[in-house]
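> Please arrange chain S on chain A, whose structure you already have, making use of the hints.
Next come the chains, spelled out residue by residue.
Protein chains: 2
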Amino acid sequence: MKQSITIGYVGTGARGQSILQECLAKMRDVNVKTVCDLSEERMQKAADILVSAGRPAPHMTTDYTEILSDPDIDAVFYMNGWENRAEMAAKTLYAGKYCAIEVGCSYDIAECWDLIRAYEETGVPLMMLENCCYGRREMMALRMVKEGLFGEVVHCDGGYMHNCRHVFLPDTAPEGKPLEVEPGVPNFRLESMEKRNFHFYPTHDFGPIAKVLTINRGNRMLTLSSFASKSRGMAAAIAGKDTSSPYHGMDIKCGDIIDTIITCANGETVHLRLDTTLPRPFYSRGFTVRGTKGMCTEDTRTVFLDGMAETMSANEPEFFEKYDHPLHREYAQSESRGGHGGIDWLVCRAFVEAVKRGENTPIDAYDTVSWMAIGPLSETSIAHGGAPVDVPDFTRGRWLHREPVTRGKYCLDEICDDLLTPIFADL
Amino acid sequence: MKQSITIGYVGTGARGQSILQECLAKMRDVNVKTVCDLSEERMQKAADILVSAGRPAPHMTTDYTEILSDPDIDAVFYMNGWENRAEMAAKTLYAGKYCAIEVGCSYDIAECWDLIRAYEETGVPLMMLENCCYGRREMMALRMVKEGLFGEVVHCDGGYMHNCRHVFLPDTAPEGKPLEVEPGVPNFRLESMEKRNFHFYPTHDFGPIAKVLTINRGNRMLTLSSFASKSRGMAAAIAGKDTSSPYHGMDIKCGDIIDTIITCANGETVHLRLDTTLPRPFYSRGFTVRGTKGMCTEDTRTVFLDGMAETMSANEPEFFEKYDHPLHREYAQSESRGGHGGIDWLVCRAFVEAVKRGENTPIDAYDTVSWMAIGPLSETSIAHGGAPVDVPDFTRGRWLHREPVTRGKYCLDEICDDLLTPIFADL
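Protein chains in written order, with our numbering: chain A, 1 to 427; chain S, 1 to 427.
Just chain A, with the same shape it has in the complex:
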């Protein structure tokens, strides 16, 4: 096992800076040797973050292939936009370097197969940094499912339900609200919505569900059907803009509510919802697991086991007491680190641990690719009036017998008591 790893870091926009600042700059076993971006200004911000944290100033480049040809570098993070992330990821695997990519969907299915080919030809791991798989609620549910407390699981729900009007159109943000994106700066989600009608952000919701349903390891997605409501929410927000706004006159094609139903080989159904452009009272991933003996659901913060008295109470905290995943128990013992309640930290550690140990990643290439595929598959189904489309089997039949890819504490296929290196041991 390596004592530390050296990485290249591509994409130093808002999200890239945040992961550096909150996570990687604080990990003493991670050396960020090179940062890469098309903007010198953004790269400088990334360098400043590292130096402020007492880390060496990184090399800066606008050419990511410099990273690929650097023999010191073990792994590359891609925090850049979607438009050529898959191509860059494939090249990274062919260069023999572990590859981590931010969440998102693929542009098309061909891109997914390219990634699978790169993985199968090289054997080098590829991992989507799907932080929500490491959510406390999602991990408790995973544990309760593995312990049989919900009985046989028959259905799951998930969603990305978050009014992002102010994120997509930052010039409509209320004064004083910090901006995630500067007005006029290219925004990949907005660009997608302008031209395409689809579930453009499927992995926060589907990732944790895929792990609950053992997708690619004993189960697989068979069909996917998607449906889009009319698109009115963004139009309402854009309508009042004058010609000084970069969004003036923009016509959004993506529906406000995109519902997707996935059917699985083992008979389960999954309902996903994209809901980002209408007023709603709170952020939710709507994470819900339904079984023959019990269930949990995020919207009301309720866990319910057969035989309990009916309740509308948010009784989830009682269950955290009893069934918290070991990883979150350990996390809670230390000071909180990283963004989004620890999930950014945990997903980065999961990747770093795999690189250090030379093992496969707990979210592997097949997981990554099959989750990304939901985007273009939903577009095809919507364009055909909700007709079910076949979900490609990227494992080519191996899902029937595939085993968990890692047995460490970051494993999402089993509950492992093997805690390996402590979460914060290196710091």
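All clues stand as given, with none of them false.
Chain copies aren't distinguished; within one or between two, either way the pair holds.
Cut-off 27 Å, straight-line C-alpha distance, at most; resulting in silico cross-link-like pairs (DSS-like, lysine-lysine):
#, residue 1, residue 2
1, Lys293, Lys241
2, Lys253, Lys293
3, Lys230, Lys146
4, Lys293, Lys230
5, Lys146, Lys322
These aren't lab readings, by the way, just hints derived from the structure by calculation. A quick note: this is a predicted structure, and the numbers were derived from the prediction, not measured.
Quick look at chain S alone, frame taken from chain A:
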């Protein structure tokens, strides 16, 4: 306007007895002349209910055509099972009598057209007693939509989400729990589930949504797609039964979670869920309306208007204060009557008022039939792997220009201040 009406009453099982006892027996402008059932014992119970309420003992018959040929009778209620309700309803219209039917789905689409033909040839009103259209929450939402508070409506959700294991399999009910159905007595929902995989109970969820979306009056359903999870919940409940149980060895075909997506001519989507055979923490119809300016949702009892601070609070009561539908304001001023929080009373009054005034019913023949059709349409879609099926246009194009059918206070197409007869005036 008639001062009182005379009715025939078919079906005196649990639901039939309840509506008699809680509603019709208490209405002094309703004379129940004849009750009809195949069971003498059940009819006797119905007669006892009327006599105990100080009403005349009804004539009893096992032959409902006696009611159809009785010139005294203005209207017939059908509270019997599903298997021949449509045929009986059509004959009732041809006999020139107003017809009210309990909620449920049709067996097939042919049956729906038979009812439309009977209605169009006779002009005699047919009304499904869809009590949930008169729910306080649903009526407030209808008012808020009509007043533009939610902006343009783009999506609705609904469901029948109620763990009915103990209803379907009464011999598994915990001791002391009152039974809705006696063990072994035919149960139409259970019989359907045994043989058919479909949304067998679609009107509690879809009825109020249809009114919000002006279905059949300026809008219509275009396509319907349905998806069934595997069926495990009932199997789990049946598994332990020995040969003494009437449910021993029963094999249930209907999936535990049935999700249905309907697309509408005006671009809205509707998501419906049937969820009756798995543990869940509370009953819900999941009623949700999403618009460009606001929304309401039943599961968290939340109303949200654009610009409000994010909230997970059950703030619905504040909105009832301000936006209660006039009918519920009036209802609240009197002592509570009828079952299910007043909705049984209100839907019966809506029908009785229409009969007295010789007007069409606020849930008319096209509403009734198009809602009932969801059952068999969902079966077809599920059998074809979720392929979208065309929803017949029972209005044959007239939905484009159809006006609200009634302007009284029970109208579900507009908010009417014309309060007509007070809700309890006749008593």
